[in-house]
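Visitor: Each chain, written out:
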Amino acid sequence: MLFGWSNSTCEAQINGIRLAKKMGAMIDDTSSFCQGMLIEKVLQNKFKTCSLEEIRDKADVLVYWGSDAQDSEPRHLSRFSYFPRGQMRQRGYEEDRLAIAIDVRESNTAKICKGHFYRISPKGDREFIFALMDALSGKVPSYEPKKMLELAAIMKKAEFGAIFVGIGLTYSIKNDFEILVSLADMLPNFNIMPMIGHYNMRGFNEALFRETGFVNRVKFEGGAHDAKYSIVEALRTKSIDALLVVGSDPVSSLPRSLLAHLASIPVICIDPCVTMTSKIATVTIPCAVAGVEAAGTAVRMDGKIIELSKILESNYPSDERILTMFMEAL
Amino acid sequence: MPSVMELYQLLPRTNCKICGESTCMAFAVALLGRKRKIIECTPILSENFKKQKEKLESLLLPSAGAEETGMIVHPELCTGCGNCVVACPVDVANDPKGAAVGHAPTNDKVIFKIVDGKVIASNIRECRRFGKNRVLCYACIDPCPVGAIEFV
Ligand code: SF4
Ligand code: SF4
Ligand code: SF4
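Line by line, the protein sequences give chains A and B.
Read left to right, the first sequence gives residues 1 to 330 (the working numbering).
Read left to right, the second sequence gives residues 1 to 152 (the working numbering).
Everything labelled a hint here was simulated from the structure, so no lab data went into it.
A quick note: this is a predicted structure, and the numbers were derived from the prediction, not measured.
Don't take every hint at face value.
Said to hold, decoys possible - Looking from chain B toward chain A, a few residues come up when the C-beta cut is under 8 Å (computed):
1) Cys81
2) Gly82
3) Val85
4) Ala87
5) Pro89
6) Asn133
7) Pro143
8) Pro145
To be verified - With the Cβ distance kept under 7 Å, some of the chain B side facing chain A (calculated, not the full set):
9) Val86
10) Val90
11) Ala93
12) Pro105
13) Thr106
From the three backbone atoms N, C-alpha and C, an ideal C-beta is built for every residue, glycine too.
Given these sequences and hints, build the entire structure.
Guide: This is the structure we're talking about:
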């Protein structure tokens, strides 16, 4: 299996997909236990979505849902969502924008949203969505009726709203995005923004989607897409006997129970940093840091392509180059 | 930070009005808010009050680390998110193409900047809490989730 990709440039990702194709290998990325399914829905146009610049210029109601953007995407609020003055939002956050947090704990984002923090119980998102849908359609919801009617009224009045879907929401509704689609259909002025942690997760999802119609969990031999081709399942069922890891640190992010098999098979790791994975890998190939020592492109959470430039010389080759050399050697 | 009562206890408590305030208590409140200076109470300058005056000075000293506006920043708490930089109305007015629209400041006229990942404050006299038309502005305090900006 070829795994990782979220911290690699688009160019390296495309090389990785080519390599997997050539070898008939499985390929998967971190999105298979993160926001992959949400991105798939976005790429299938199931949601109305927009750019971060549009949010900056137009948005008046912001809903951070299961997302602690303040800590996970630390420049999100200051650069794009809550605080900057935008074309149509000239009077600052106090007057022109309203921020709402829906979360199971009072995160730093929720602290900033002060009067508009809706605390829910763990796994309570589904109930919350249904109650909100009731409130939006004029019914009195059984769950927290007063608060839900108040929230529905705010959302109905929005001229340009955004729901920032965090992994908290994704995990809680277990990737059942149909209910989120139904909610979004009731909110024509709202846009859905997938909140992504790694800088180029969406880049990989888009590249694989173009190639296969799926965002992750693909096996090229037979051209199949299945949950069993996810890194988690592949390790759990011990169905892989070698692993190439690029731009990711599965030993840090995967459940411990899966690591025994990972540690027992040959692992090749390509990464600019020393990671837990590079430490146990059979072979580690250090590469240049993209955006510092190597140029390339990346896809932002909203789909915008960002150019990364090289600002320092380095003796290390880029991960893109290393993968090209693999192809030549094969 | 000392309390108003502590400051009041050290004043002459004669309500003589020489300072221009109607009572010593009112003067204590103004002292705490850094709107008045100790020497504006001329009676306290006499030898009899030497000890009280020194005590007052030492009480008001800790916030001398604060700027004249009373602002204290705690870089050790700051995460460098830039919310304050972008939210401060002075930064918006002085850097309409930079800080105002969410970018890093493009000139030195702003109050807040992030340097090496930490907030630093300069041009503090421009702060809306200072000067003749002062207003009680919270635009940099409320956006900071870690309490790295304080006014005393
Ligand atoms: S001048 Fe001093 S003693 Fe007189 S009212 Fe003011 S504070 Fe009190
Ligand atoms: S109080 Fe207002 S004007 Fe003063 S620094 Fe903070 S945001 Fe800027
Ligand atoms: S808002 Fe707070 S944490 Fe963010 S940059 Fe300003 S002082 Fe630092």
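Visitor: Now tell me, hint by hint, if it's right for this structure.
Guide: Now for the hints, and whether the structure bears them out:
The closest approach between the C-beta of B/Cys81 and any C-beta of chain A is roughly 5 Å, which is under the 8 Å cut-off, so the hint is satisfied. Of the supplied interface hints, the one on B/Gly82 holds, with its beta-carbon coming within about 4 Å of a beta-carbon of chain A, less than 8 Å. With its C-beta approaching chain A no nearer than about 7 Å, B/Val85 sits inside the 8 Å limit, and its interface hint holds. A least Cβ separation of about 5 Å between B/Ala87 and chain A falls short of the 8 Å threshold, and the interface hint therefore holds.
Taken as an interface hint, B/Pro89 checks out: its beta carbon lies about 7 Å from the nearest beta carbon of chain A, inside 8 Å. Restraint check, B/Asn133 versus chain A: the minimum CB separation of about 18 Å is more than 8 Å; hint violated. About 6 Å separates the beta-carbon of B/Pro143 from the nearest beta-carbon of chain A, less than 8 Å, and the hint is met. Residue-level restraint check for B/Pro145 holds (minimum Cβ-Cβ distance to chain A is 4 Å; threshold 8 Å).
Satisfaction of the interface hint for B/Val86 is found here, the shortest Cβ-Cβ separation to chain A being roughly 4 Å, below the 7 Å cut-off. For B/Val90, the shortest C-beta to C-beta distance to chain A is roughly 12 Å, which exceeds 7 Å, and the interface hint is violated. Hint status for B/Ala93 relative to chain A: violated, with the closest Cβ pair at about 10 Å, above 7 Å. Below 7 Å, beta-carbon pairs count as interface contacts, and B/Pro105 has none with chain A, the closest being about 12 Å; its hint is therefore violated.
The beta carbon of B/Thr106 is not positioned within 7 Å of any beta carbon in chain A (closest approach about 14 Å), and the interface hint is therefore violated.
In summary, the numbered hints that this structure violates are 6, 10, 11, 12, 13.
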